[in-house]
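*Asks:* With chain A held as given, fit chain Y onto it using these hints.
2 protein chains.
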Amino acid sequence: MNRVSIISIGDELLIGQTINTNAAYIGEKLTAIGFEVVRNFTVGDLKEDILKVLKDAENISDFIFITGGLGPTHDDITRTCILEYFNSELIFDEETFERIKKLFERRNIPMPEINREQAFVPKIAQVIPNNYGTAPGYDISKDGKRFFVMPGVPHEMKGMMENTILPQLKNYIHSKGIFYNQKILYTTGIPESALYSKLQDLRPLFDEVKVAFLPSQFGVKIRLSMRSNREELNLEKIKFVEDKIRERVDEFIYTDEEISIEEVIGRILKEKKLKLAVAESCTGGLICNRITNISGSSEYFERGVVSYSNESKIQLLGVNPETIKNFGAVSEQTAIEMARGVRIISGADIGISTTGIMGPTGATETKPIGLVFIGYSDNQTEFARQFNFADNRVRNKERTSQAALELLWRMLKKL
Amino acid sequence: MNRVSIISIGDELLIGQTINTNAAYIGEKLTAIGFEVVRNFTVGDLKEDILKVLKDAENISDFIFITGGLGPTHDDITRTCILEYFNSELIFDEETFERIKKLFERRNIPMPEINREQAFVPKIAQVIPNNYGTAPGYDISKDGKRFFVMPGVPHEMKGMMENTILPQLKNYIHSKGIFYNQKILYTTGIPESALYSKLQDLRPLFDEVKVAFLPSQFGVKIRLSMRSNREELNLEKIKFVEDKIRERVDEFIYTDEEISIEEVIGRILKEKKLKLAVAESCTGGLICNRITNISGSSEYFERGVVSYSNESKIQLLGVNPETIKNFGAVSEQTAIEMARGVRIISGADIGISTTGIMGPTGATETKPIGLVFIGYSDNQTEFARQFNFADNRVRNKERTSQAALELLWRMLKKL
Numbered sequence: 347m348n349r350v351s352i353i354s355i356g357d358e359l360l361i362g363q364t365i366n367t368n369a370a371y372i373g374e375k376l377t378a379i380g381f382e383v384v385r386n387f388t389v390g391d392l393k394e395d396i397l398k399v400l401k402d403a404e405n406i407s408d409f410i411f412i413t414g415g416l417g418p419t420h421d422d423i424t425r426t427c428i429l430e431y432f433n434s435e436l437i438f439d440e441e442t443f444e445r446i447k448k449l450f451e452r453r454n455i456p457m458p459e460i461n462r463e464q465a466f467v468p469k470i471a472q473v474i475p476n477n478y479g480t481a482p483g484y485d486i487s488k489d490g491k492r493f494f495v496m497p498g499v500p501h502e503m504k505g506m507m508e509n510t511i512l513p514q515l516k517n518y519i520h521s522k523g524i525f526y527n528q529k530i531l532y533t534t535g536i537p538e539s540a541l542y543s544k545l546q547d548l549r550p551l552f553d554e555v556k557v558a559f560l561p562s563q564f565g566v567k568i569r570l571s572m573r574s575n576r577e578e579l580n581l582e583k584i585k586f587v588e589d590k591i592r593e594r595v596d597e598f599i600y601t602d603e604e605i606s607i608e609e610v611i612g613r614i615l616k617e618k619k620l621k622l623a624v625a626e627s628c629t630g631g632l633i634c635n636r637i638t639n640i641s642g643s644s645e646y647f648e649r650g651v652v653s654y655s656n657e658s659k660i661q662l663l664g665v666n667p668e669t670i671k672n673f674g675a676v677s678e679q680t681a682i683e684m685a686r687g688v689r690i691i692s693g694a695d696i697g698i699s700t701t702g703i704m705g706p707t708g709a710t711e712t713k714p715i716g717l718v719f720i721g722y723s724d725n726q727t728e729f730a731r732q733f734n735f736a737d738n739r740v741r742n743k744e745r746t747s748q749a750a751l752e753l754l755w756r757m758l759k760k761l
Numbered sequence: 347m348n349r350v351s352i353i354s355i356g357d358e359l360l361i362g363q364t365i366n367t368n369a370a371y372i373g374e375k376l377t378a379i380g381f382e383v384v385r386n387f388t389v390g391d392l393k394e395d396i397l398k399v400l401k402d403a404e405n406i407s408d409f410i411f412i413t414g415g416l417g418p419t420h421d422d423i424t425r426t427c428i429l430e431y432f433n434s435e436l437i438f439d440e441e442t443f444e445r446i447k448k449l450f451e452r453r454n455i456p457m458p459e460i461n462r463e464q465a466f467v468p469k470i471a472q473v474i475p476n477n478y479g480t481a482p483g484y485d486i487s488k489d490g491k492r493f494f495v496m497p498g499v500p501h502e503m504k505g506m507m508e509n510t511i512l513p514q515l516k517n518y519i520h521s522k523g524i525f526y527n528q529k530i531l532y533t534t535g536i537p538e539s540a541l542y543s544k545l546q547d548l549r550p551l552f553d554e555v556k557v558a559f560l561p562s563q564f565g566v567k568i569r570l571s572m573r574s575n576r577e578e579l580n581l582e583k584i585k586f587v588e589d590k591i592r593e594r595v596d597e598f599i600y601t602d603e604e605i606s607i608e609e610v611i612g613r614i615l616k617e618k619k620l621k622l623a624v625a626e627s628c629t630g631g632l633i634c635n636r637i638t639n640i641s642g643s644s645e646y647f648e649r650g651v652v653s654y655s656n657e658s659k660i661q662l663l664g665v666n667p668e669t670i671k672n673f674g675a676v677s678e679q680t681a682i683e684m685a686r687g688v689r690i691i692s693g694a695d696i697g698i699s700t701t702g703i704m705g706p707t708g709a710t711e712t713k714p715i716g717l718v719f720i721g722y723s724d725n726q727t728e729f730a731r732q733f734n735f736a737d738n739r740v741r742n743k744e745r746t747s748q749a750a751l752e753l754l755w756r757m758l759k760k761l
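Protein chains in written order, with our numbering: chain A, 347 to 761; chain Y, 347 to 761.
Possibly wrong hints are sitting among the right ones.
Identical chains share a label here; the pair holds if one copy fits it or two copies do between them.
List time: in silico DSS-like cross-link candidates among lysine-lysine, alpha-carbon distance up to 25 Å [to be verified]:
no.: 1; residue 1: LYS713; residue 2: LYS448
no.: 2; residue 1: LYS398; residue 2: LYS491
no.: 3; residue 1: LYS621; residue 2: LYS671
no.: 4; residue 1: LYS567; residue 2: LYS504
no.: 5; residue 1: LYS375; residue 2: LYS583
no.: 6; residue 1: LYS393; residue 2: LYS556
no.: 7; residue 1: LYS567; residue 2: LYS585
no.: 8; residue 1: LYS393; residue 2: LYS567
no.: 9; residue 1: LYS713; residue 2: LYS447
no.: 10; residue 1: LYS760; residue 2: LYS590
no.: 11; residue 1: LYS398; residue 2: LYS469
no.: 12; residue 1: LYS447; residue 2: LYS544
no.: 13; residue 1: LYS448; residue 2: LYS544
no.: 14; residue 1: LYS556; residue 2: LYS398
no.: 15; residue 1: LYS469; residue 2: LYS401
In case anyone wonders, no lab produced these hints; they're calculated from the structure.
Next comes chain A alone, as it looks inside the complex:
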């Protein structure tokens, strides 16, 4: 009744030239109103393959969303496939023709003949108007199944979804008494397996409320979701499971909003009116880059120093040359002096630092690839913590930046 398949058409998707963001967008929007997406298919610009996938999708779902292959050129064959699949014929749609004509008039370009052709639509279809391009969409109902056919250009597809399709389907699904709700808890600093172990006794609760663990290098997301015929019931049960989870692992959850840890940190810094300065050696600018991805970061981010050379550590951060000589640039002592130095010299309230060996070269007898020290300094306390990441260079940088931001977040909560 509410099962969905999404079909994406185009050779460029199969050969990996274009990443399929359309299917993710459609899946997200439909899930959020209570539909159940059961399958995505991607298929090339080949008639037999498209017809086969249409059949496969129809067999397993009630709603079929199709994108791509509606353009005016010879490799766009979706309309032809639709005609054959539904045994329909083309009719000229006056309204579509007027819309396309106006589009070219607005752009001050004469309308090419191939675009006029796009005003011919399958007789079986209701036209979905396209506010951002020439190709019309089709809305086709047959034998209790419903097919939406849209262009592959993301913003044209999104326009049709938002303006025409989603409002209709939201009414439809609520009229069927289906309500879906979800909540996501964002954790950091704990691997998926450890998180799972800590929550293992809750497993009996994970049937009614679905709980999924989604790991990435930025932490593990815990997704709680429930579908029923009563929204309040969903919210209540999800809250119950959330509370149980928080009892066990709350210290690792940095937000339940769809924001990054750097945004969480930014909010705390703003709220507490604190300024941050960063001294990066091994992360090479990544921490600064993440912090400055947040709009408004200039309010709390004073400066960063990417002190790759020893000279720059001494000159810009005031690290004692003796410290580097005695303990090495990759050491607890240097990390502390870097964090302290960038804080004091900049006049910021908090300084953090990274120094480590990211690989693949640079390891020594006593200092392996992945050895990292993260330093922290405020006017009350300073310390450095040791980590061992043994990954490739870019991943080591990512993991170090994540560990540094996590450490900063934990310290900020206490300030």
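*Replies:* Positioned in the frame of chain A, the structure of chain Y alone reads:
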């Protein structure tokens, strides 16, 4: 014989929480060695659905690539499905166990029991080692079909593809007398349409040798490819078309290897024994981050300064306070003084700088969002160039970093 299906497993893909980049990566890599990707399937964490898709994929292809659902938690059911699909059983794989154990030892974390479980693998499978995570991959041959099962975590999957699977499949496809060759020319600083216009007279050559234009924020790739039963023929014809293209647009091509512009720059700096220092305001560390992603960058990258505040521009870069007062922090003059300052204070040979308004806030009457100045300084010449990018914040940072690296690359070629 060389038809491929890719199956991506995971609810997070269907509900659009994660964009499916794995299928694009696998499709691209396999296409590049001569395989034909005919279908992608995405399916949720449901046994019946996974079994159905395995069957569907097997029916239409010779090679089936499966990613996702190999983690240690209860919603990871791919291993179970594989056992059932192939009617196989689990056996304990000592080598995998040792590998997982070492992974935890290196990280100094005790190994949870659920990770030990991952050393049990389907008897029918050959293990594909995972250099970056716990889950082993499986390589299964049956009835003339071959299945590769890999984790969904992108870098773990990529490690298996690059280290184990692709080298094998390359040999396989050549043994079948299929030779596919391609050459990619990486351009920067010219839009797709301008590039296309400059090459329009070559169109008759683009039949035998396929030529595709692939735009991204890092420039337009020109892909030349040809498939035949003779490698020398492919290489010869591709070379012929490449030469014609280079006659027209060589100045925009920064490499024909699969390396980034920051790596090209690194090679030139190393070769010419030059040191670089970077002063970033609006890019916030992104340029330093890109430069330090390259292994060995400590040889030529002296330091970076992320001078977000005016004070840091004055204190660390020696920018004249009057310059900021008279022209503003976002100005040609400030950009030049930043580049000059970071070069002279660091003792590097070349300094580059960025200052601009990345949005969504910070615009003024005369300085709109996207206004950027990129500064350059060596001991012979210094200047700043103005750009106007009007995109979102993160995209503006990316475009600015790309423009700065392009400018640096052009200057380095002349030194």
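*Asks:* For every hint, state whether the structure bears it out.
*Replies:* Checked hints:
1. LYS713 <-> LYS448: Intra 55 Å, inter 18 Å, cutoff 25 Å: inter-copy only.
2. LYS398 <-> LYS491: both (16 Å within a copy, 21 Å between copies)
3. LYS621 <-> LYS671: Between. Shortest inter-copy distance 23 Å satisfies the 25 Å Cα cut-off; intra-copy 31 Å does not.
4. LYS567 <-> LYS504: both (22 Å within a copy, 22 Å between copies)
5. LYS375 <-> LYS583: Within one copy, since 22 Å is at most 25 Å while 45 Å is not.
6. LYS393 <-> LYS556: between (39 Å within a copy, 16 Å between copies)
7. LYS567 <-> LYS585: within (16 Å within a copy, 49 Å between copies)
8. LYS393 <-> LYS567: Between copies only: 23 Å across, 40 Å inside.
9. LYS713 <-> LYS447: For LYS713 and LYS447, only the inter-copy Cα distance (21 Å) is at most 25 Å; the intra-copy one is 57 Å.
10. LYS760 <-> LYS590: within (24 Å within a copy, 64 Å between copies)
11. LYS398 <-> LYS469: within (22 Å within a copy, 34 Å between copies)
12. LYS447 <-> LYS544: between (57 Å within a copy, 20 Å between copies)
13. LYS448 <-> LYS544: Cα proximity of LYS448 and LYS544: across copies only (23 Å, versus 55 Å in one copy).
14. LYS556 <-> LYS398: between (33 Å within a copy, 23 Å between copies)
15. LYS469 <-> LYS401: Answer is within: at 20 Å inside a copy they meet the 25 Å cutoff, but 35 Å across does not.
Of the numbered hints given earlier, the model fails none.
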